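These two chains come separately, so use the hints to put the complex back together.
Sequence order for the protein chains is A and B.
The first sequence maps to residues 7 to 289 in my numbering.
The second sequence maps to residues 226 to 372 in my numbering.
It is worth saying that the hints were derived from the structure and are not from the lab.
Computed from a predicted model, the values in this text were never measured in an experiment.
Please note: incorrect hints may appear among the correct ones.
[What the hints assert, rightly or not] Label pairs and their in silico Cβ distance ranges:
| no. | chain 1 | residue 1 | chain 2 | residue 2 | range |
| --- | --- | --- | --- | --- | --- |
| 1 | B | 327 | A | 258 | 10 to 20 Å |
| 2 | A | 264 | B | 335 | 41 to 51 Å |
| 3 | B | 320 | A | 220 | 21 to 31 Å |
| 4 | A | 151 | B | 370 | 45 to 55 Å |
| 5 | B | 292 | A | 207 | 40 to 50 Å |
| 6 | B | 316 | A | 121 | 47 to 57 Å |
[What the hints assert, rightly or not] Simulated crosslink set (EDC-like; lysine to aspartate or glutamate; CA at most 16 Å straight-line):
| no. | chain 1 | residue 1 | chain 2 | residue 2 |
| --- | --- | --- | --- | --- |
| 7 | B | 369 | B | 256 |
| 8 | A | 151 | A | 179 |
| 9 | A | 75 | B | 293 |
| 10 | B | 259 | A | 158 |
| 11 | A | 223 | A | 248 |
| 12 | B | 369 | A | 234 |
| 13 | A | 94 | A | 287 |
| 14 | B | 265 | A | 158 |
| 15 | B | 326 | B | 307 |
| 16 | A | 75 | B | 370 |
| 17 | B | 368 | B | 293 |
| 18 | B | 265 | A | 160 |
| 19 | B | 369 | A | 158 |
| 20 | B | 369 | A | 154 |
| 21 | B | 368 | A | 160 |
No residue lacks a Cβ here, since even glycine has one placed at the ideal position from N, Cα and C.
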Amino acid sequence: MKYLKILVIYVLMIGISSCSNSGNEQNSDNKSIDTLLDVSSDKLNEAYDKAVIIFYSLPSPVETVRLMKRSGATFDESLLNPVANVDKYTTSKALAINLGVFGADLSYANVFEQPQITINYMSASKKMADKLGITNVISDSVMSKFSENLNDRDFIMNMISEIFMNSSAFLKENQRAEISSLIVLGGWFEGLYLSMQLSETSKGDNTELVNIIIDQKLSLEDMISLMEIYKDNSDIKLLLGDLNEIYRIYLLLLQENGEINKSAYKELYQKVTSMRAKMIDNI
Amino acid sequence: MLRNKLLALLTVLLLASGVSWAQCKEFALDEGLKQLDTEKYIHDGRFNAIRLRGGDDIRLYKSFFQGESYRITVVAESTLNDVTFEVVDFKENNVLFSSQKSKSMIWDFNSDVSQRLVIVVHVPKDQNPETLRGCIAIMFGVKKDIK
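Bound-form chain B, shown alone (with noise of 0.2 Å):
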């Protein structure tokens, strides 16, 4: 019984995810690649952005390489308030980056090492999450500087 609930609640979720990423595409190609500042970063093609409510969270796994300038940022839609991130080391678990320390929606950073990094954003639980949803979306860039 409580299998079968389990089983319907992953489908639903799975079937949402489809029009999560529906609403989020507009959002993603204007304020996302906005954000990102495509005259100096180039955008790495990569669409990772959903639509989520109060109290849920990402976590992103993506490496990054040697050599190369980096910018992370995340945007979010106005209905989803105080949205924070931050960068932790995979191997170390060392939190990198804190958009709330950093009073930032944005990490430029160049990589020593080729690593593996994870963004964790969050996303605050409001008082009424049901009817207070949003487009989140994670964007990354490569410094414009190769000859």
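The following block holds chain A by itself, in its conformation from the complex (with noise of 0.2 Å):
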């Protein structure tokens, strides 16, 4: 009998990892792929019967700017992609990746307690959600409740999951994952960004913010494979490029004796700011 392997997996979005630049993490990935089917060619039914899903989960805004509040980092508006800047983005690859970038900047609004700012961000982000046709998911009734509740902070963080949760449920339902992973990649980036940003203007002991910064190298691995489900996409190969770049620094950032490389580091820190300028400007 001739015997074949079959994968089958489904890459479920929303988050998505196992790097194919990391070595350890590819043979790991290998190693539960060469698990999966070993069938032949008349049992194709029942290899439908067994599937493994694989799930890839990033870290959200939420997770992010929780990090960045217990390291002592401070807000600054002036950071923020300005709201008014919600007019111009018409397509479909700017509303997602600056929806994303909204939804960080207003979990960071909200972690550190600027109830007005968080307000408006949130009215921004619910003309981008109308604008990319997710209905329904920040209504009024959920802007009412949202405005009832503003001071009270994780009520309100709590209200910004489920929102997001919501709209990536949509969108898979809408067989518009593309949509919910560029979600994913706008409001990682923010994140990353606003810490780099604080990290440079930080008048204190900067050490937790660099940390995150750091530890973001295993998102980005994440952040990374996800982006390459949908390579065919030529705005999503763009984004691919950049990312891939930004890796690429990322493995010189620690050095072997465990500090600091001062020239990737700021190299880093350029490449970041030029992306999300490149983001946020709408090219």
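See the structure below:
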């Protein structure tokens, strides 16, 4: 009987990891793939009966801004993507990325107890979601509930999380997983950008902020793998090029003695700043 | 010929995944958030839910950060019997938590280091896997403790 290896994987978005650039992790993933299925050609139905579903879940902006708060970072409104930019986003790509960016900005404002800025970014997010056709997720009743509880930081944080979970589910239901992946990218990248900017402008000890930035290498690997799935899309292919460039710099960041490579750190700062500018300037 | 069959199979699976997600949103929002306990934990906002049948497995990869307290919980519809999950250290492959051993579908832990973990969910094969399907949601929360 002729035997063939059949790999059946659903790759379910909203986070995705397992980086092809990481040696150990690649081995581990290959191991899991190798053990999936080894079946004969006349057993396709049997193969279908046994699926290994792989999820990769990226940290949300909620998680990143909590880490920033704990590190002693401060709030700086000038770092946010201005809400006035909302009207210049028209393509699905720009809307999705910047919905993620706004999600991170509103999480940052909420955790740092800036209620008016939080509601402004929530309103902007609603506009973006509506333009993307994500209907009824940020409804008028959700906005009212949001406004009424604006001073309850944890309640608002749970609302933000629920909204983003709902948006992701909506997009997947409608076979728009690529759009969902761009929202994830925008949110994660804004967290990295804010951490880097705050680290640069910090007047005190910024060690914890730098550690947050270093730890984002794990998430970057996840992000690259997520984008790899949709690399046939030309927009995503371009973004993937930028992410791979950032990953290359990350590999130089920590020296063998555990010290930070200052020149790599400076290069990372410049690359993250320029990529974020491209994202919010709709380039 | 076989290649075409495989492509067709993969297409069906990918198309079916949209349906699977669609049917699990309410379950994740209701049962998932309830078990996560949003009074004590802030949900991470990610949608990790799908409709499965007996015999299927899930592997979910996620990074956890130093100094945070997390809750991981897996909820399954009652049509799926005896669903279990394990949390495995990505680097060393050590099992850090087993729902079967702990007799709990909730794991609360403090992350001493930043690390990647793998959540492995097992859905036991049933005698009639074609008819028994149900939603599974994997939920993550961070403890509300920062001032």
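Hints, one by one, checked against the model:
For the hinted restraint 10 to 20 Å between residue 327/B and residue 258/A, the CB-CB distance of approximately 42 Å leaves it violated. A hinted range of 41 to 51 Å is violated for the C-beta pair residue 264/A and residue 335/B, which are about 24 Å apart. Separated by about 27 Å at the C-beta atoms, residue 320/B and residue 220/A satisfy the suggested range of 21 to 31 Å. The hint said 45 to 55 Å for the Cβ distance between residue 151/A and residue 370/B, and at roughly 24 Å that hint is violated.
Take residue 292/B and residue 207/A: their Cβ atoms lie about 23 Å apart, and the range 40 to 50 Å is violated. For the pair residue 316/B and residue 121/A, the beta carbons lie near 42 Å from each other, so the given range of 47 to 57 Å is not met. Among the hinted pairs, residue 369/B with residue 256/B is inconsistent with the structure: their alpha-carbon atoms are about 20 Å apart, more than 16 Å. Restraint check: the Cα-Cα separation between residue 151/A and residue 179/A comes to about 26 Å, which exceeds 16 Å; the hinted pair is violated.
With a C-alpha separation of about 12 Å, the suggested pair residue 75/A and residue 293/B falls inside the 16 Å cut-off, and the hint holds. As the CA atoms of residue 259/B and residue 158/A are separated by approximately 20 Å, the hinted pair breaks the 16 Å bound. For the proposed pair residue 223/A and residue 248/A, the alpha carbon gap of about 14 Å is at most 16 Å, so the pair holds. Under the criterion of a C-alpha separation no larger than 16 Å, the hint pairing residue 369/B with residue 234/A is inconsistent with the structure, at around 34 Å.
Our distance criterion of 16 Å between C-alpha atoms is met by residue 94/A and residue 287/A, whose separation comes to about 9 Å. For the suggested pair residue 265/B and residue 158/A, the alpha carbons sit about 14 Å apart, so the restraint of at most 16 Å is met. Between the alpha carbons of residue 326/B and residue 307/B the distance comes to roughly 13 Å, so the proposed pair stays at or under 16 Å and holds. The hinted pair formed by residue 75/A and residue 370/B meets the criterion: a straight-line CA distance of about 11 Å does not exceed 16 Å.
For the suggested pair residue 368/B and residue 293/B, the alpha carbons sit about 7 Å apart, so the restraint of at most 16 Å is met. Using a Cα cut-off of 16 Å, the hinted pair residue 265/B and residue 160/A holds, with the two alpha carbons roughly 9 Å apart. Proximity of residue 369/B to residue 158/A is assessed by CA-CA distance (about 12 Å); at most 16 Å being required, the pair is judged to hold. Only pairs whose Cα atoms come within 16 Å are accepted, and residue 369/B paired with residue 154/A is rejected, the gap being roughly 21 Å.
Taken as a hint, the residue 368/B and residue 160/A pair is honoured in the structure, with Cα atoms around 10 Å apart against an allowance of 16 Å.
When held up to the earlier numbered hints, the structure conflicts with 1, 2, 4, 5, 6, 7, 8, 10, 12 and 20 and fits the remainder.
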